[in-house]
Every structure is written in C-alpha cells, then in structure tokens.
Amino acid sequence: MIAQLVSAVVRAILVVIVIATPSLLIPAVTPDAAVVVMLVALAAGVFTFSEYASTYPGLIEFRDAPPFNRVRVICIFITLFTLSLIVRASGDAGPITVILNATGLVLAHALDFQYSPLWLLQVFLPSDTTAAELTMLRTLGGMSFLIGLITLAVFAILMRLHGWPNRQTQFNVWVNLPTFDPTAGGDVVTRLIRDSRVNLILGLVMPFLMPVLASKGVAHLGHAATSSPQLMVWMITLWSFLPVSLFMRAMAMHRIAVMIVARRKQVLQDVAEEEEAGFLPA
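To convert, take the position in the sequence shown, counting from 1, and add 106; that gives the working numbering.
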C-alpha cells in the first residue's frame, strides 16, 4: 500500500512537471497565463494520483502494463521540451537550437506538400502572419512529427523485444482497459480487433482533421495563436501527440487480441492432450 502511494505521488509530480515545462522555459505573456497553467497542472496531478493510488481502475488505460503510459509521457515531455527550446532560443540560437531548427526545417520542407498534415497545419494562421512566424510553425511541426515517429518505433521495438505486456504475468483486462467491457456482447477478440482498426483510422485522420478544427476555434482568438509561444507549442504538441497515442492504442489492443487467440489455442491443445492421455473423457 505504501509503495503504491509513493508511486502515485511520483507519477503525479512528473505529470505536473510535464505540463509546466513550456511555462518554465518560455516566459509567460501575462501573469494570468502562468496561473492557468499551474491550475491545470495541479488538476492533472491530482487526477493522476487518484488513479494510481486507487485499488480499482478508473479512466487511465494500461495502468498495470508498463511501459505503455511511460512511453506516452516521455513522448509528450520530449515534444514540449524540444519545441519550447526552439521557441525560447529563436532570437539567440545556440548550437543545440541550431541543430533542432535545421532538423525541423528539413522535415518541414519534405512534408510540406499540398493537403499534407503540415500544409493543413498552416490553414489556421491569419492572413497577416509574418514569415518568421510561419517558419517557426513549420519548424515546430517538422520536429514534433519526427518525435512522434521515433516514439512509435520505440514502442514497437519494446513490444517485440519484451513481449509486451508480459508473457510471464497475466493481463487483467478490467484494470488495463477500464472503459472496455468484455461482457458487452460479441467475441472479445473481434471487438478488440475492431477497436484497434478504429483507433488506427482515427490516428491517420487526426493529423488532417485537427488543423481544420483548430482553424475554426482559433478564428475567434485572432492573432493569439501565433503571438503566444506557449499556445503554439501546445497546439503543435497535441497535433502530433494525439495521433501517436491513437496508433499506440491500436497496436496495444491488437497485441492483446493476439494474446487471447494464442491463449485459446493453448487451452484447446492442453485439453486435447489430456483427452489423449485418458485424463478427460473423449
């Protein structure tokens, strides 16, 4: 119990640090912005603590199947930290920032074709956007795209090397998938594969759909999207992180379906061997 509470406190502190990263690296435009960020970080920390300190599952998926959530937290932290460094050092660039800017721009040029996600990302910009702001947006988009691809590759490698979630322990569907009801009807494997495909499709659509939706919401803010560095960092981070999270969930659910199928085959094989040995009636 004490170990669980300590783990919950540590996770809550890490969540607060992740959310506060842009505010710590980028000067706030107004004092109210720093207060809002701190309130959001504290609320997220309390939510994380309540989820991991509770014996029963809540809303966080794969709570007992590391490193799924760890990879996601590291991904969003690296994205926020890297993009914040680029924005912070836009006027006085050091060697690391120059490398980050160059990498982001190279990827931006490679991905900036008509109707690409990066091309659509520029739709919400107002007509009076300066060239510097447009270049900054493209750089952040290219860098966040690269971090997302690396995250997916790392998670796929971990799944392959370590047999995720873990071959030596049982996978509790109720704890790790609290929003998935295995008794709702239909075969569990079929539903898991269907949900995996839905998440995969959403992951492919989100990079194209989110800029269009953002253009409608940011239209009411006028020039705030580009004039506020913190808002730009968060928008680009969510633009890349949400599809990555959906792809990871699709991979995870497909993996669970494969595990269930393998377990069923093993049970049928054990029953057949017991029947042949005469332990069970044929």
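Wrong hints could be hidden among the right ones.
Label-pair distances were calculated between CB atoms; the ranges are [claimed, not checked]:
1) Phe-219 with Ile-256: 15 to 23 Å
2) Ala-140 with Val-304: 36 to 44 Å
3) Val-318 with Glu-379: 52 to 60 Å
These are computed hints drawn from the structure, not numbers from a lab.
Cβ atoms here follow ideal geometry from the backbone N, Cα and C, with glycine treated the same way.
Is it true that the C-beta distance of Ala-140 to Val-304 lies inside 36 to 44 Å, as the hint says? Cβ of Ala-140 to Cβ of Val-304: about 38 Å, so the range 36 to 44 Å holds.
Tell me if the beta carbons of Phe-219 and Ile-256 are separated by a distance inside 15 to 23 Å. holds (22 Å)
Between Val-318 and Glu-379, does the C-beta distance stay in 52 to 60 Å? holds (57 Å)
Comparing the model with each numbered hint stated earlier shows that all of them hold.
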